Each structure stands twice: as structure tokens, then as C-alpha cells.
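Kindly generate the complete structure, drawing on both the sequences and the hints.
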Amino acid sequence: MDVLDEKASGIPPMEIEEVVSVHDHDAFAAKHLPDLGFDVKDLKTFSWTLRGWKKLEKKLTSEEFECGGHKWRILLFPFGNSNAPPNDTVSVYLDYADPKKGPEAVRQAIS
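Take the position in the sequence shown, starting the count at 1, then add 1; the result is the number in the numbering used here.
I should point out that these hints are in silico values taken from the structure, not numbers from a laboratory. Where hints are given, some of them may not hold.
In silico DSSO-like pairs for lysine-lysine, Cα to Cα no more than 30 Å straight-line [what the hints assert, rightly or not]:
| # | residue 1 | residue 2 |
| --- | --- | --- |
| 1 | Lys101 | Lys59 |
| 2 | Lys55 | Lys102 |
| 3 | Lys102 | Lys56 |
| 4 | Lys59 | Lys45 |
| 5 | Lys45 | Lys101 |
| 6 | Lys60 | Lys45 |
| 7 | Lys72 | Lys32 |
| 8 | Lys59 | Lys42 |
| 9 | Lys42 | Lys72 |
| 10 | Lys55 | Lys72 |
| 11 | Lys102 | Lys59 |
| 12 | Lys42 | Lys55 |
| 13 | Lys72 | Lys101 |
| 14 | Lys42 | Lys101 |
| 15 | Lys60 | Lys101 |
| 16 | Lys45 | Lys32 |
| 17 | Lys55 | Lys45 |
| 18 | Lys56 | Lys32 |
| 19 | Lys45 | Lys102 |
| 20 | Lys102 | Lys60 |
| 21 | Lys56 | Lys42 |
| 22 | Lys60 | Lys72 |
Nothing here was measured: the structure is a model prediction, and the numbers come from that model.
Pasting the structure below:
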């Protein structure tokens with residue numbers, strides 16, 4: 002493969018960021034999650050394998066998982082969460098598994 006000379010092509014070389022694997026959870030979180038100024042008390046990962054993307058239902062709910070002493074699940078809308086025709090949009094939500102038993106702040110945020 003030929004390397005383009007910046008002077009000849011007029012295009013500056015592109016800087017490429019170091020790639021961090023999603024399987025290296027701590028490194029991925031450190032690179033991609035913003036520091037909001039809070040101490041992280043619990044960091045968990047949840048994997049959910051989906052196959053046959055184009056044949057999935059309009060709304061999917063993952064199994065429950067626990068983080069921070071609370072139960073959660075993922076709500077996934079593979080084709081977006083709107084009444085518009087399907088497009089290239091995916092909607093993903095973190096859902097509190099039992100909002101009636103959750104802390105007050107969670108109940109208010111979900112209401």
C-alpha cells in the first residue's frame with residue numbers, strides 16, 4: 002500500500018486514537034465515560050448476545066442484572082423508539098427492574 006505524501010496530496014496525515022477493547026472493561030470505562038466528580042462505588046458489566054438483528058422484535062427486554070445493590074435491565078428498541086418508519090436509529094435504555102421498590106430518587110426519575 003502506498004503512503005500518501007502530505008506535500009503531494011495536500012491532505013494532512015490523520016491521527017488515529019489508541020483503540021481500547023470493550024472486553025477491557027476498566028480501560029474502556031476510563032476512556033469513554035466522563036468523570037462526573039462522583040466516587041464510583043460499583044462498576045459492573047452486562048453482556049447480552051443478540052442474533053439476527055433484522056428479524057428482532059420492535060422492543061426487547063434483557064434479563065435482570067444487579068449493580069449497586071439494585072436490579073436493572075436493558076430496554077432495547079433495535080429500530081428506534083418512535084412511530085416513524087424504521088431507520089438507522091437504535092434506542093437503548095437502562096431500566097430499573099422494580100421501580101415501586103426503588104429508592105425515592107429512582108422512583109421520581111422513572112415517573
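Against the structure, the hints:
1. A hinted pair counts as satisfied when its Cα atoms are at most 30 Å apart, and Lys101 with Lys59 qualifies at roughly 26 Å.
2. Distance restraint check for Lys55 and Lys102: the Cα-Cα separation of roughly 36 Å exceeds the 30 Å cut-off, and the hinted pair is therefore not satisfied.
3. A threshold of 30 Å between alpha carbons decides the hint, and for Lys102 with Lys56 the separation of about 34 Å lies outside it, so the pair is violated.
4. Simply put, Lys59 and Lys45 have alpha-carbon atoms about 27 Å apart, close enough for the 30 Å limit, and the pair holds.
5. The hinted pair formed by Lys45 and Lys101 meets the criterion: a straight-line CA distance of about 23 Å does not exceed 30 Å.
6. Between the alpha carbons of Lys60 and Lys45 the distance comes to roughly 24 Å, so the proposed pair stays at or under 30 Å and holds.
7. Restraint check: the Cα-Cα separation between Lys72 and Lys32 comes to about 26 Å, which is no more than 30 Å; the hinted pair holds.
8. Annotation: proposed proximity of Lys59 to Lys42 is violated, straight-line Cα distance about 34 Å (limit 30 Å).
9. Taken as a hint, the Lys42 and Lys72 pair is honoured in the structure, with Cα atoms around 15 Å apart against an allowance of 30 Å.
10. Between Lys55 and Lys72 the CA atoms are separated by roughly 29 Å; this keeps the pair inside 30 Å, and the hint holds.
11. Among the hinted pairs, Lys102 with Lys59 is consistent with the structure: their alpha-carbon atoms are about 28 Å apart, no more than 30 Å.
12. About 37 Å separates the Cα atoms of Lys42 and Lys55, which puts this hinted pair outside 30 Å; it is violated.
13. Under the criterion of a C-alpha separation no larger than 30 Å, the hint pairing Lys72 with Lys101 is consistent with the structure, at around 12 Å.
14. Of the pairs offered as hints, the one joining Lys42 and Lys101 holds, with about 23 Å between alpha carbons and a cut-off of 30 Å not exceeded.
15. Between Lys60 and Lys101 the alpha-carbon distance is near 22 Å, which keeps this suggested pair within the 30 Å criterion.
16. For a cut-off of 30 Å, the pair hint linking Lys45 to Lys32 stands: about 16 Å separates their Cα positions.
17. For the suggested pair Lys55 and Lys45, the alpha carbons sit about 29 Å apart, so the restraint of at most 30 Å is met.
18. Between the alpha carbons of Lys56 and Lys32 the distance comes to roughly 33 Å, so the proposed pair goes past 30 Å and is violated.
19. A distance of roughly 21 Å separates the Cα atoms of Lys45 and Lys102; the hinted pair therefore holds under the 30 Å criterion.
20. Using a Cα cut-off of 30 Å, the hinted pair Lys102 and Lys60 holds, with the two alpha carbons roughly 24 Å apart.
21. For a cut-off of 30 Å, the pair hint linking Lys56 to Lys42 is broken: about 38 Å separates their Cα positions.
22. For the given pair, Lys60 sits about 20 Å from Lys72 by alpha-carbon distance, which is consistent with the 30 Å threshold.
Checked against the numbered hints listed earlier, the structure breaks hints 2, 3, 8, 12, 18, 21; every other hint is satisfied.
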